[in-house]
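Asks: Construct the complete structure from the given sequences, taking the supplied hints into account.
Sequential numbering from 1 applies to the sequence shown in this note's numbering.
It should be emphasised that the hints constitute simulated quantities derived from the structure, not laboratory data. Some clues are possibly wrong.
As the list claims (entries may be wrong) - Across the chosen pairs, the derived CB separations fall in these ranges:
(1) Met74 to Asn39: 16 to 24 Å
(2) His149 to Gly84: 23 to 31 Å
(3) Ala156 to Thr16: 14 to 22 Å
(4) Thr16 to Asp82: 21 to 29 Å
Glycine included, every Cβ here is placed at the ideal spot set by N, Cα and C.
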Amino acid sequence: MPVARDHQYQVHVAWTGNTGQGTATYTGYSRAHEISVSNKAPIHGTTEVPRFHDKSAYTPEELLVGALSACHMMWTLHMCADAGINVVSYIDEAEGTMHPHGQTGQFTEVVLRPLMKITDPARIADAESAHEEAHRLCNIARSVNFPVHCEPKVVAE
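Replies: As structure tokens, this is what we get:
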């Protein structure tokens, strides 16, 4: 059996918000930035701070909630495929809660609310169990210091 090796992730983050004066003043620069990985389209980022927020870009907080949701989804689909459960649709309306602490904040929880459609109504309980196993295996959820809850709904197509 091969020895497991650490996974490495190379992510490039570049501030693109220099409006000509750098950070000479707190209000004189944009919070725009790009997150990219080699050979992939960049993700346009912004800040959560309302007066500097760009509604067309993602905040780090949104990306964290999205990463938790996507990790859970990938594990759930894997568990279902292994178990012979045919998933035909998966949508999550995930929500993160951050409690303010002075100038900053801290996540207190994330709730995943996946709606998953499968082809065989007799396998709904098995699909719900796949969510439980995926929740246990999700490496990102296991890496954060706040609870990640999962409230899945499984229906037959």
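Asks: For each hint, tell me whether it holds in the structure or not.
Replies: Verification of the hints:
A hinted range of 16 to 24 Å for the beta carbons of Met74 and Asn39 is consistent with their spacing of about 20 Å. Between His149 and Gly84 the CB atoms are about 27 Å apart, so this pair conforms to the stated range of 23 to 31 Å. The given range of 14 to 22 Å is broken by Ala156 and Thr16, whose C-beta atoms sit roughly 47 Å from each other. Against the hinted window of 21 to 29 Å, the Cβ-Cβ separation of Thr16 and Asp82 comes to about 42 Å, which falls outside the hint.
This entry does not satisfy hints 3 and 4, going by the numbered hints stated previously.
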